[in-house]
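Protein chains in written order, with this note's numbering: chain X, 1 to 517; chain A, 518 to 634.
Treat the hints loosely; a few may be bogus.
Stated by the list, open to error - Beyond 12 Å from chain X on every Cβ pair, some chain A residues (computed): (1) 524; (2) 533; (3) 554; (4) 575; (5) 582.
Unchecked claim - Computed Cβ-Cβ distance ranges for the label pairs, DEER-style: (6) A:577 <-> X:40: 33 to 41 Å; (7) X:87 <-> A:626: 25 to 33 Å; (8) A:573 <-> X:94: 22 to 30 Å; (9) A:525 <-> X:510: 43 to 51 Å; (10) A:551 <-> X:462: 47 to 55 Å; (11) A:577 <-> X:234: 32 to 40 Å; (12) A:584 <-> X:229: 43 to 51 Å; (13) A:617 <-> X:462: 54 to 62 Å.
Hints were generated in silico from the structure; no laboratory data involved.
Since we're looking at a predicted model, the values are computed, not measured.
Using N, Cα and C, we set each Cβ at its ideal position, and we do this for glycine too.
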Amino acid sequence: MRTGASRKTKSWRGTGIPDRPVSRVITTQLPILLVVVPLIAAPLMVLVRHGASAWVLAVAVSWTALAVAGGLFVQIADGSLLSYWIGSWPPPWGIEYRVDIVSAFLAVLVSLIAAVVIVYSRESVRSEVPQDRHYLFYTMYALCLAGLLGITVTGDAFNLFVFLEISSLASYVLIALGRDRRGLMAAYQYLIMGTIGATCYVIGVALLYLETGTLNLADMAQRLPAVSGERPVLAALAFITVGISLKLALFPLHLWLPNAYAYAPSVVTAFLAATATKVSVYVLLRYYFTVFGGSAVFERLPMTEILLALSLAAMFVASVIAIFQNNLKRLFAYSSVAQIGYITLGVSFDTMTGLTAGIVHLFNHALTKGALFLLLGGIALRLGEVRLDAIGGIGRALPLTSFGIVIGGLSLIGVPATVGFVSKWYLVLAALERGEWWIAFAVVGSSMLAVAYVWRFVEAAYFREPVGPVRNLKEPPASMLVPAWLLVLACVYFGIDTSLTLGGAGAAAHDLLQVQK
Amino acid sequence: MTLFSHYSYWITIFLAIAGVYIVIARSNLVKKLIGLSIFQTSVYLMYIAPGKLIGGTAPIVSPDFQVYSNPLPHVLILTAIVVGVATLALGLALVVRIKDAYGSIEEDEILARDRDT
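Just chain X, with the same shape it has in the complex (with noise of 0.2 Å):
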């Protein structure tokens, strides 16, 4: 073993002391399988050129790709590794894909807000996107999803990075495919301060590269401590932290994120804000935790001081700033921004309670906002609008609609019963093992924000008379209603019985703290 630390090697090459059992399957095809067959399935439906069966197409595969995901989580639930050689060229050489509990919790995440929004997306996308560019919206959402479970499942940095970008470039073409040209100039800031965002975390890479070698992520992270030159790995470690945090929109960093969220159509918002950001941050725990955590790099910058203000920063400031909207996608645009907060919170604790916390948060949010965004995406297609002016009274036009707003609103605030609880009680507990009582009552305060702008839509939505179209309003079809309502019920359910989500999170943060300690 290279590094002579006590640190625990999880080599595929046997060096070491083995400290689980390394399955290595060959023969399974599952991890590939995970990304082929969305990438395939994209250019199929370009050829078809049929928007509705391009829509089957997508269902099947978003369907297939929660399946699989699904069989991975079964088949390293037992703490397990899974291995994956690409053209059976073993690592360091060939590209590995390397499944463990972090990459297939995400895995299953992100496969199965696509199984969900993909159902819903078929009424909302016939009103929001012109007829003849249906097709592409689904190869696009098959792309984007190609992306995004490449980079769950992929061990290798550059790998990683071309990833980053289909599911990135996917995504640009997502936001601007609505109706609304603002979405245009949204998308082309995105891909300005995107591709900013990549080019840095392709130098990081290179710098890491440079000193280690390798691109195999497990096998940098093992030459890491033995390098010579500290002050590269230093400015990598930078160019990563800065690359990603512009992904996942960690404040200041969040700019493009408003606009591309509020204009982009509903089915795009509610798939990104469940799904894109949360695979940054990933990226980030994979790189924090995974790469440079047995290595000394940690020492020697005060990262985890500079998360900890970004988040509080994110947590009040983009809530403030919520509370102050009019269009309900912006509100809930700059709420994300605040709740990325309460996850690199408690990433930024840096123990066990508090990776648990920042994980099983990054879980309850995509749920949330997800059902959010698919509501919203339900008064987009009969109302035409989401400005919280022109929905006066639809509390009672849209019973159903709202009553899954409000519930969604609540776990936003985080009141007991619904997910957002579970995250934010864990969030406390860890800042109380901290010892530091200050940011537990920031993470309550930032909550009072909350209940600010969800009061906003109760208002408008409960306490004002319907006037105009609202009074007429018809609640959207059941294809949208029950996908929508299925993540508001999620967000209860799993609220209520956190066996899965903590566990789930709990083996997770156990899993990247061990390389560490």
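Mind docking chain A on chain X? Use the hints.
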């Protein structure tokens, strides 16, 4: 003179900073994309230059040669170039549609028009 022997790094850093500066300082959407491409190009150089060894040959096993250049960065950058081309193409396509929708490709004019409506 290590300062000059590492000249490829200086070119890389200059290109990167120039590229990002153009993205920030220019209001013209096409010029921003040019800046973005320059920034990406600097990274290509950053990968390829260290892979070259002076006097090194292509990595073909032969008793006549002892020093080989590293081919992996070239392959990586081939992929990165494809990504860069795709990004540039998509960016330009967006600019074409922005020009159709707004009649302008100056960022400040477009934002002003959105504010008016």
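Violated hints - listed by number, lowest first: 2, 3, 7, 12, 13
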